[in-house]
Structures are given as C-alpha cells and as structure tokens.
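A.B. asks: Residue strings, one per chain:
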Amino acid sequence: MIHEITVNLRNLSTGYISGRDTRIITSGINASLHAGELTCLLGQNGAGKSTLLKTLSSFIPAVKGDIELFGMPLGSYSNSALAKLIGVVLTDRVSLGNMSARELAGLGRSPYTGFWGGLSLEDKAIVDEAMALVGISSLSDRMVDTLSDGERQKVMIAKALAQQTKVIFLDEPTAFLDFPSKVELMQLLLSLARSQGKTVFMSTHDLELALLTADKIWLVDKSRGVTTGTPEDLALNGALASYFEREGVRFDASTGLFGISMTPVREMAVRGAGVRYNMVVKALARNAIALTDSADDEIVVTDDAFEFGGVRYMDIASLLEAIV
Amino acid sequence: MKFAIISILVAVLFLLNLFIGSVDIPASEVLDILLGGDSHGAAGFIVTGSRLPMAVTALLAGAGLAVSGLMLQTSFRNPLAGPSILGITSGASLGVALVMLLFGGSVVVGTLTVGGYAAVILGAFAGSLLIMALLLGLSTMLKNDLMLLITGIMIGYLASSVIMLLNYVSTAEGVQNYVMWGMSSFNGVSLNQLPLFSAITLGGIFLSLLLIKPLNVMLLGAGYARNLGVNIKRVRNLLLLATGLLSAVITAYCGPVSFIGLAVPHIARMIFRSDNHRILMPATLLCGSAVALGCSLLCILPSGNVIPINAVTPLIGAPVVLWVLLRHRK
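Which chain is which? The protein sequence lines are A and B, in order.
In terms of the numbering used here, the first sequence has 98 at position 98, counting the first letter as 1, and numbering is strictly consecutive.
Start counting at 1 in the second sequence, then tack on 324, and there's your number in the numbering used here.
Don't read these hints as lab results, they were simulated from the structure.
By construction, the Cβ of each residue, glycine as well, lies at the ideal position given by its N, Cα and C atoms.
Check each hint, because a few of them may be wrong.
Okay, derived cross-link-like pairs now, DSS-like style, lysine-lysine, Cα gap no bigger than 30 Å in a straight line [stated by the list, open to error]:
1) B:326 <-> A:84
2) A:166 <-> A:182
3) A:84 <-> A:54
4) B:557 <-> A:54
5) A:64 <-> B:557
6) A:54 <-> A:282
7) B:537 <-> A:64
8) A:84 <-> B:537
9) A:54 <-> B:537
10) A:182 <-> A:54
11) A:84 <-> A:124
12) A:182 <-> A:84
13) A:124 <-> A:166
14) A:166 <-> B:557
15) B:326 <-> A:124
16) A:166 <-> B:326
17) A:64 <-> A:182
18) A:64 <-> A:124
Derived DEER-like restraints, expressed as beta-carbon distance ranges [said to hold, decoys possible]:
19) A:79 <-> B:602: 40 to 50 Å
20) B:558 <-> A:194: 36 to 46 Å
21) B:533 <-> A:79: 47 to 57 Å
22) B:602 <-> A:242: 49 to 59 Å
23) B:651 <-> A:120: 32 to 42 Å
24) A:151 <-> B:533: 30 to 40 Å
25) A:121 <-> B:647: 36 to 46 Å
26) B:526 <-> A:194: 28 to 38 Å
27) B:523 <-> A:79: 32 to 42 Å
Please model the entire structure based on the sequences and the hints provided.
C.D. replies: Quick look at the structure:
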C-alpha cells in the first residue's frame, strides 16, 4: 500500500537566523512524511530534533531549501490556513488551575470558531469524539492541574485531534511518562495514524519503543544530517548502529534492537533450556559474565532449581550471591 | 447567578459611595439631589460635583485596572504581572514628577501656560504614552514575554531613580504635592473632566473585550497559540495598546493606584473558578469595580476624614499576592 506524501522536504537546512547571523543546525535534508503513518524522529540531545520540528510547524523559517505541505510551499499558507492543516503537541507544560480537560481540548476548535470563540453543538461533538478516541472521556470534567503527566499529554493530543488537522507533530510526547504510559501513548498514536489516516510525526528519546512501533524512522545528527527508512531497513543498512552505537551500547543485528554491552569479567557455562535458562543467561549478562561451552564453572538449570558447585539454589538471587 | 450577586454588590457600593462621605448629608436629601431636586446649596454641590464623579471614577478605574492586570497575566503567563509591572505607571509617575517637582506645577505648551491639575494630567499622559510607545517599539525586538517583563521592571527602576533625584531639586511644596498625588485617590476627576475620562476608559475596556478569544488561546502559551492561528504579534500590540491606554488615563487622574490590577483577577478566578476569558473578563471588570468602590468607601468610613486609596488597597492586595505565591510554590 502506498501512502500519500503529505510533507516533503527538499534540500532543507534548519537553523536560526538573527540579523545577519545564520546558525545552521542540520543541512541537506531530503525526506517525506506519509499519510496513515507514524514516523519517529530520533537523535541525541542537541542533534536538531526540536529545530526541525519548529521549522516544519512554521514557527521558525527554513534557512535553505523547500518544505512542501500537500504539494504547496509551507510559506504559501496563512496562519489560519495552517491551523487547519497542522496540529502540534509541544513540550511546554500547560498549567491551568481553573480549566477542565474538555475546555482545554475544546481550544483545539479555535481555528473554526467565531469571534468570541464559543463552541457550537457540532464543535462540542467533535471535542467529545476526540476525547473518546484518546480514551479520556472520563476525565472531561477534571481540572487540568489535577491530571497526571500522561493524562495531560492525552488531553493535548485530544486538542490536536479536535483541531482536525491531517498532520500532527509531537515534540517528545513520551518524555516524563512512566513506561506503561509510554507504550500506551505510542500505540495510541499508531492507531490514530492507521484509523484516521493522519500523518503523525513525533520526536522521541525512547529508541526501543520507536523501533518497535514506528512505520518510519528519521535519524538526525549534526554531521550526517537526516537518514530515513523503516526501522528494519535502517537496521540492515547499518544506519542505526552507526548513529547510536558507542561504548556500552551495542546494536543487536538479529533483533534489530539495542542492548547494553559490558566487558566480560568472567566466563561460565550454563546447561538447560526454556525461560528459566534465558533468565539465568540474562542475570549473568547483567553481571558481566559471558557464556562459553566449556568452563570450570557450570550452572545446571532444572525444572525446580539452579545447581551450581553441587548446591541447589531455589531462586536466581541466591544463585547470584553464590557466584558473584 | 454569581454575576447577578456581584452586579448587585457593585450597584449597592456605588450608591453607598453617593450616600456616605466625609460631610454628613441626610439620605433623604441625597436622594432628592440625585432625583434632580434643586436648591440644596453646598450639599447639592458635594453630591453631584464631588461624590458622583468620584463614584463613577472608582467604578471605571477599578474595572480598567483590573482588566489590564488580567490581560497582562494571561499574555505573560505570569500570575504576578500587573499594569505597574510593565512600567507604564512608573512612566506616568515620572511625568507627574517632572511637572510638580521640576516645573513647580505649571508647564508651557507653545504659547499656552498650563497650570495646576491640567499640567499634572498632561505630564502623566506624556509619561505613560512615552513608556507605552517604547514598549511597543521594543516588543518587536524583544521576542519573548520574559524579556518584555524585565524591560518593564527596569523602566520602573529608572523612573523612580529620576524621581528621587528630582525630589532634591524641588521646592518643599512641590514634594508635598507629589507625595499627595502618589497616595492616589478617586476624587481627582471633576464633573467637567468626567466625560473624557469615561470615554477613554470605556474605549480601553471595549478594546479588551475584543481580545477574549485570542487571550483564551494564549493561556496555552505562544507556541500553541500560534499553531491555533493566533497572530501573536498583532494580539500583543493590541494588548499593549489597551493596557497602556487604561493605565495611562487612570494613573493620570487617580495617581498610581496599587494592587488592584494585580490582585483583582485572582479574586475573580477564586470566585468564578474559571480561566475562560468569556467568563473571567466580565467577572474581573465587575470585581474591579466592586473592589475600587469598596476601597473608596473604606477611605471615608473610619473617621470623618478621607485617607488615601493606597493606604487601603494593599490590605486587600497583599494577602491575595501572598496566597498566589504560596499556591504556586507547590
């Protein structure tokens, strides 16, 4: 299935212009975003993720090159036209003591409402639907200040949905969330892209989650610019490894995910199979113990115990105590 | 319902301001004067020439200062922003100080010598408008609100430094006049000046009402507001114009009234439990009028004398500011 190109970048350079001074952050970007897809922007701190997002949201001008939105230059759209095409979720913390979640999401209707900003019945229905899609209908009447970070992030996403834009940009929406909330949010964004045909583009530091969830990945780096592709293609062509591998971080080509590497301090042999075997291997890896086939130290994993040095240990904690 | 109660409160306070004053006039006589009865002599002059303009001034000045504070707090996303923070009040004070302290109370404009109150008002106007123009000019250069806020505070410091120096070169009478103006009161607007004062204040309030929708969106911050189609630069300029106009005219006529602009929006938020400006702005206008009328009444009540308005406003303002600080600390 070929998805329509919604945002297209040609030879784009991002950066900041102040007076005659131009500071280029990332240059030579050629990439596109597609409808119905979740695309994740990955890169280290200071790599230029936020600058790129700000440039695409038309908050700051492009230093060089072209950005096309639905086939037209980004600059050719007026403020109010853009407000109906691109919705954003930013890192700015919105702190409002006297506003309910529904009122906040309702502000997403601003590009469509009249002079005083009142919501029509239709607007209200759209806001309710947006909140239902994000799964926060039950929070409608809660005050924004009483919501958790994850709930608040969802309200902002509901705001973007109420804005009814085909493109949604999110700046690190998973930051400050606990792990289950991160997973939930990523799944939500993926399903919104799929079911609503939206172009969803988000920056994130959650490498693993992005590789497991996203349709496309954009890797950004000051020296190498932007490299794009599916997570798997980027694994195969070595781009992921070259962008992120360093001392202590190892890219596992067989799973396409990252792991932690330590210099082994000891070698051991492990006999056995199944989940119990895998867990022992994992516990050893944590303690920088490598596996070999023949070693003086041998652990035997049975169905009810872990045997080491002729002693039976009932759990991995006591086994590790004996080894380390 | 809450609107009805506060409206009634404003009406009652307004009437109390007409019926109660430092001179004892029987209520029946006040009523007769208000209904158009003639031949009351001094009492008639006090009610229509002094109490009525003072009550109207308090009504409008309170509303104007409070709504200025609300707009500044929303646009700067800072609960402690107020008209005086921007430096406009300081600009007005500087203008007044120049007139009273340096020129001894009269200014020559062309071939016309302007003396007394007219000169003071002219000075305050010139000072506030100068600072407003400066802020408008800087607002295109100073892209973020924090920079603008700091600029406002620095302008305030500069103004008070010049005023302190002026105190040294002035006559004792000039210093006393300036100190009296600085204590502020709502009885500086005479019946003749009232139409102009009312027109400018109502104009500023009208301009504020036009900004209700963009102000709501700006609650989310400049980034979200821009994404929702708000022309930030235009809205900020209109906002500076409205607050500048209101602070200038009110400070010129009433002196640098403290705390109403800062505290009243918080009182309105406490009562109405809303951040939506379609509720909050009318609420702030009403609460501002109520507080100003109430303070004006407190200034007369204790003895037979009249005490300055700035002796009373901190009693309401300071606890509110402390409450806000404590609430935001968590």
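A.B. asks: Could you grab the alpha-carbon distance between residue 124 (chain A) and residue 166 (chain A) and see if it respects the 30 Å cut-off?
C.D. replies: holds (20 Å)
A.B. asks: When you check the alpha-carbon spacing of residue 166 (chain A) and residue 182 (chain A), does it fall within 30 Å?
C.D. replies: The hint holds at about 23 Å.
A.B. asks: For the pair supplied as a hint, residue 64 (chain A) and residue 557 (chain B), is the alpha-carbon distance within the 30 Å limit?
C.D. replies: With Cα atoms ~25 Å apart, residue 64 (chain A) and residue 557 (chain B) stay inside 30 Å; holds.
A.B. asks: Mind checking the alpha carbons of residue 84 (chain A) and residue 537 (chain B) for me, to see if they're no more than 30 Å apart?
C.D. replies: Within the cut-off at roughly 17 Å; holds.
A.B. asks: Compare the distance between the alpha carbons of residue 64 (chain A) and residue 124 (chain A) with 30 Å, and conclude whether the hinted pair is satisfied.
C.D. replies: Outside the cut-off at roughly 41 Å; violated.
A.B. asks: Is residue 537 (chain B) close enough to residue 64 (chain A), meaning Cα to Cα at most 30 Å?
C.D. replies: violated (35 Å)
A.B. asks: Taking 36 to 46 Å as the hint, is the beta-carbon distance of residue 121 (chain A) and residue 647 (chain B) inside that range?
C.D. replies: holds (38 Å)
A.B. asks: Holds or violated: 40 to 50 Å for the Cβ distance of residue 79 (chain A) and residue 602 (chain B)?
C.D. replies: violated (22 Å)
A.B. asks: For the range 30 to 40 Å, tell me whether the beta carbons of residue 151 (chain A) and residue 533 (chain B) fit it or not.
C.D. replies: Holds, at about 34 Å.
A.B. asks: Tell me if the straight-line CA distance from residue 326 (chain B) to residue 124 (chain A) falls inside 30 Å.
C.D. replies: Holds - the C-alpha atoms of residue 124 (chain A) and residue 326 (chain B) are around 25 Å apart, at most 30 Å.
A.B. asks: Verify the CB-CB distance for residue 523 (chain B) and residue 79 (chain A) against the hinted window 32 to 42 Å.
C.D. replies: For residue 523 (chain B) and residue 79 (chain A) the Cβ distance comes to about 33 Å; the hint holds.
A.B. asks: Compare the distance between the alpha carbons of residue 182 (chain A) and residue 84 (chain A) with 30 Å, and conclude whether the hinted pair is satisfied.
C.D. replies: holds (27 Å)
When the structure is compared with the earlier hints, violations turn up for hints 1, 6, 7, 16, 17, 18, 19, 21 and 26 and for no others.
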